[in-house]
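The lines below spell out each chain.
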Amino acid sequence: MTTRWFGAAVQRTEDPRLLRGKGTYVDDIDLPEMLHAAVLRSPHARARVTAIDVEAARALAGVHLVLTAKDLGGVLEPSPLLVPHPALTQPRTQLPLALDEVRYVGEAVAFVVAESRYVAEDALDLIDVEYEPLPVVHSLEVASAEDAPLVHAEIEDNIAAHFVQTVGDPSAAFASASHVLHESFSVERGAAMPMECRGVLARWDAHEGMLSCWISTQGPIPIRNGLAAIFHLPEHKVRVTAPDVGGGFGTKIMMFYPEEILTPFAAIHLNRPVKWIEDRRENFISSNQERGQLHEVDYAFDDQGVLLAVKDIFLHDTGAYTPYGIIVPVITACSLPGPYRLKNYASEFTVLYTNKVPVSPYRGAGRPHAVFVMERIMDGIARELNLDRAEVRSRNFIQPDEFPWDVGLVYQDGGPTTYDSGSYQAGLDKLKAMLDYDHFPECQAEARTQGRYLGLGIGYYVEGTSIGPYEGANIRVESDGRIYAATGVTSQGQAHATTFAQIVADQLGVRPEDVLLTEGDSQAFNWGVGTFASRAATVAGSAMHLAAVKVREKAKKIASELFEASPDDIELADGKVFVKDAPHRALTLGQLAISANPLRYSYGENARKLMSMRLAGPRPGPALPAERGGPGLEATEFYSPPHGSFASGVHGAIIEVDPTTGMVSFLKYAAVHDCGKVINPMIVEGQVHGGVAQGIGGAFFERLVYNEEGQLINASFMDYLLPTAAEIPSITVDHVETPSPLSPLGMKGAGEAGVIPVPALFASAIDDALAPSGIRVREMPLHPCRLYELLKATQNAQI
Amino acid sequence: MQEQEENPPTFTEQSLIEVTVNGQHYERSIPVRLLLSDFIRHELHLTGTHVGCEHGVCGCCTILLNGEAVRSCLMLAVQADGMAITTIEGMAGTQSELHPIQQAFREKHGLQCGFCTPGIIMTVHAMLHENPDPTEEEIRHELSGNLCRCTGYQNIVEAVKLAAERLREPQMGVEQ
Amino acid sequence: MKPPRFQYCAPHLLDEALALLSQYGEDAKVLAGGQSLIPLLNMRLAGPAYIIDINHLTELQYIEPEDGYLAIGATVRQRQVEHSPLVQQKLPLLIEAVRHIGHMQIRNRGTIAGSIAHADPAAELPALLTCLNGEIVAQSIQGERVMKAEEFFTGYLSTALEPGEMVVEIRFPWIAPQAGWAFMEFARRSGDYALVGAAAVITPTLDDRCLNAHLAFHGVAGSPVRMREVENILVGTTLDEQTLQEAAEKARDCVSNDMEDVHATVDYRRSLVSELTKRVLKAAWVRREQ
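Protein chains in written order, with this note's numbering: chain H, 1 to 799; chain D, 1001 to 1176; chain Z, 2001 to 2290.
The hints are simulated quantities; they were obtained by calculation from the structure and are not laboratory data. Just to be clear, a hint being listed does not mean it is correct.
[Unchecked claim] Below, in silico cross-link-like pairs of lysine-lysine (DSSO-like), each with a Cα-Cα straight-line distance of 30 Å or less:
{"id": "1", "chain 1": "D", "residue 1": "K1161", "chain 2": "H", "residue 2": "K668"}
{"id": "2", "chain 1": "Z", "residue 1": "K2250", "chain 2": "Z", "residue 2": "K2148"}
{"id": "3", "chain 1": "D", "residue 1": "K1161", "chain 2": "H", "residue 2": "K22"}
[Unchecked claim] Derived list of chain D stretches under chain H, where covered just means 3 residues or more per stretch with a C-beta under 8 Å from a C-beta of chain H:
{"id": "4", "region": "1032-1046"}
{"id": "5", "region": "1082-1091"}
{"id": "6", "region": "1101-1110"}
{"id": "7", "region": "1116-1128"}
{"id": "8", "region": "1138-1147"}
{"id": "9", "region": "1155-1169"}
On a predicted model such as this, the values are computed, not experimentally measured, just so you know. Each residue gets a CB set at the ideal place from its N, CA and C atoms; glycine is no exception.
Let's have the full structure, built from the sequences with the hints guiding it.
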């Protein structure tokens, strides 16, 4: 069967609505009698809370409720640990409101509900909290020092987890290698900063005993399950919907944020809808962040530049709690080998608590760090042996005939880190062509004679995607002929409504715009996990495909009975089901759906038309035989991947550095990307563009600056710099398609790819541009002032 | 509106204002501290204008005030008394057709989550009105007051180029 | 991030505004463009009890050429100046400076006088006014007071305005027709506040040497800094490479020792100032009439 829509750059179904300003984000929803909430947040990174006086706040006109920890009753429990791990021996999660200790600036201390957000904020100013500040652990260095203050009094050395993995025999490899180098690398915190902050709207219907929540989240169904447990409600009496979500990037897959518990709590208590919308300042100090790690790396290689062994010991900053377990450092450890044949690898990480905002995945989720280290290693080998950087990589690639390739580690899904497929050299070749790599040294030399410093950097990555446990899909043709699909994942801009429609349209012979998707509504589809880890297209998309195939088969079966033909002779196209070579013997999908539902009564235009057709009459036996699989044209299927599949890609950029000011501009940026079979290349390219922009932000513009008191001193867009259209270059994207053998359509994930290699290639480009100075970049992010300092410190500082 | 020449001005916390939004006249009594962004969204229920930062950097709240692009989060609603506002809801030509700028964004995949989009479209509308034939550099410079976290700006720039081209073509009945 | 409560008034006559200011003095804040004040209100970093909106004071809406200077009334928006044919013709340096202020959306509301009264160390217009040795006209019910830029800017977000006074006019002195001029900044992103910035005006002699120079920096201290020591280095020279190098070295002194923030250390700022000095002086010199 030829696929007409899979692989096509179909325009998005979502667009007209969003372009007209008719999107529905959480704050757009106004319910009758709705009240507004605000959160009082700790101004101290670490303190004992000795008293909270809310009387003045409660008395303020317009205030309906002020909650502190003592008012929460049974709800005052640490939120669930989302991803346990045997190495996570000292997990801690947050209380919905701090009881007697606060552990980061921004931690929720009180919750106010009032007539308006304005009045609620007035009430916050009236709450009097007595704090006894305590010593602050403001960095990994402080956390790991001897006699460090303790973030959690009972947790020795601030250690939440310690995990060692070994592949092969690294010691032996180091012992016999002709070259061994040691370097330290650091990556510092950044934040997702979606344009829409978080938000929760909760409504309790006392008559129905139903709790409904609209949340700007990437995981509505797990939240539904959790709220049901927390509030002792049956799951079907809790409905969680993620409406339009203005960007997630990982920060919205965290659960539970305190507000996701407090808002429904207040709504139930007051019997009125309550809405809490995070403002940007809160987003800086209470939405999860990521990226802080310190690596000590040893690497061994031979005279040909072949990597023999890596030992990577790193510290991971988890912030004040471990809500998401140790997924991020696990991914770092598993992603480090990259596209290279690394047979001897010692990985050891320690997860440390600090008095900062908790850490959970942000786009890339530990992979950017791993790629930074490994790509620096490749460049380090090249520099040491005076070899070309691309050539060193080529000598180390896993070859196409070596798949499946077992890295030897346990991946974040508990399964083996086994690469299913890849074409790494092909990707590099494409990139080199796009950048005119071989001629660049000439351009660079020419530019240097004019006092200009150009550099070229590359970064290769392998990205684990499409992990389970599963996703599901329901597809139903209704009697008007329209196709309704539902799934448990949700979109934050990735265009599922379009891409899943393309998948379904191919099977049912309709146009994508005839397929209407509902997602992110626990009432529309009961089972699901969420949108994260570059998994939704593959896992939910595969479920869509399987369900669509089922519906197609059912349609053919029923049509074959009605037309008295063989199912193999039945085709679906243009919204019709017909007999091949006899297209006049046709029904619309809507008519077929009616026929598939044997009732005494049927309604509407389609039903009337059916009456007038000459179709085979009912057969003897049950009107709805068991093998039919239920009435109507409907199917529900689930897809559970055997394990993750591994996408890959390589990016490169040409930059210009001004050594006197440390300013850098991008002259050219190219990305080659392999995410297997692509549903909609326009969507995938958009994802790469966006990821690259976040990567550039994370490499050169964005840094969260905490002072020694654990205060975030740049908690606004004025000083936390997101790149604008003037800073992001044009990005050329090319594709390699190495299908995955693991899923029915051969897809791999694409959502995070763009961001992953950027810090690595940026460092590579800077080293290249300023090679005469001998600079070696070992940290991310950089900014002009820091680059200036690094240059000054290098031996050949006078260029 | 009060006759200031006759009565000396007095301080208030509540004020009556009149505004025209997308051609429609509204009269409302509002708190003086109510931000224009909140007024548009929650008083007038025109939720297409979004709020991203409330300190004037992200541009999600951009609207046209007497034809000029401004950040509605940096204005008090009372300051809009007597003025004409255009929001994203006022952009589409007809019920079924999109404005050429919106259409160009669709064709070039210039939006993903859609949150920054209304603010960007209003900025683009003002930009192209002043400079109908911008270079890529000019486009990127003029867009630098609007943040987007999803698209990497590339397709937005392409959409603006396409929109500019189409708006320059002499066509019957295209609203500028 | 919503503003705290305040009382609001929007007088239509300057006298009314001044009367209110005098009555409420320190508890009142003047609201013009709001591009600086409203973020502070939203973040609850400012909480004035009274806000006096001056946007209806049409008597302050003027851009007038006067004898010796360009007079700009307090309610004139930055974009009006940017698009003013008069300013384009007679003081294009002002337009070059205004174009560095934020983004178009900010300049559509922000006022020239407001930016000056707010006195942010990294703001463009205070530096330009300082460079040109311009004036600020303030009024209260007691009368008018004219202050030179250097006496007006007293430190970080501080000016010499007394309670009860408001800025009514800014005076940008004209530049000699043969003078070259330039305005430049180093900033992290398009539209950001400057890391460091400078305004330069250089007047040539008849035999094409530097007659006099005006050079002022922003982003280097609590207030803009006029660097007369650097100007003196230039006088009588042709701004050759060696002179520029000397000037660039000397200019580093303008960075005060407490100018460290998340974006720049003092040392780095000094390095930027050095580079900026060369560039802005070269650019200004090139523009001179020969």
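Quick rundown of the hints versus the structure:
1. Note on D/K1161 and H/K668: the hinted pairing holds, with a Cα-Cα distance of about 20 Å set against a maximum of 30 Å.
2. Taken as a hint, the Z/K2250 and Z/K2148 pair is honoured in the structure, with Cα atoms around 25 Å apart against an allowance of 30 Å.
3. A C-alpha spacing of about 24 Å is found between D/K1161 and H/K22, which places the hinted pair at or below 30 Å, so the restraint holds.
4. Coverage of the region 1032-1046 of chain D by chain H holds in this model, with 6 residues showing a Cβ closer than 8 Å to a Cβ of that chain against a need of three.
5. As drawn, the region 1082-1091 of chain D meets chain H at 4 residues by the rule of a beta-carbon pair under 8 Å; at three or more, the given contact holds.
6. Residue count for the region 1101-1110 of chain D with a Cβ under 8 Å from a Cβ of chain H: 5. That meets the three needed, and the coverage hint holds.
7. Counting residues of the region 1116-1128 of chain D whose C-beta sits closer than 8 Å to any C-beta of chain H gives 4, which meets the bar of three, so the coverage hint holds.
8. With 8 residues having a beta carbon nearer than 8 Å to a beta carbon of chain H, the region 1138-1147 of chain D meets the requirement of three or more and the stated coverage holds.
9. With a cut-off of 8 Å between beta carbons, the region 1155-1169 of chain D has 3 residues touching chain H; three or more are needed, and the interface restraint holds.
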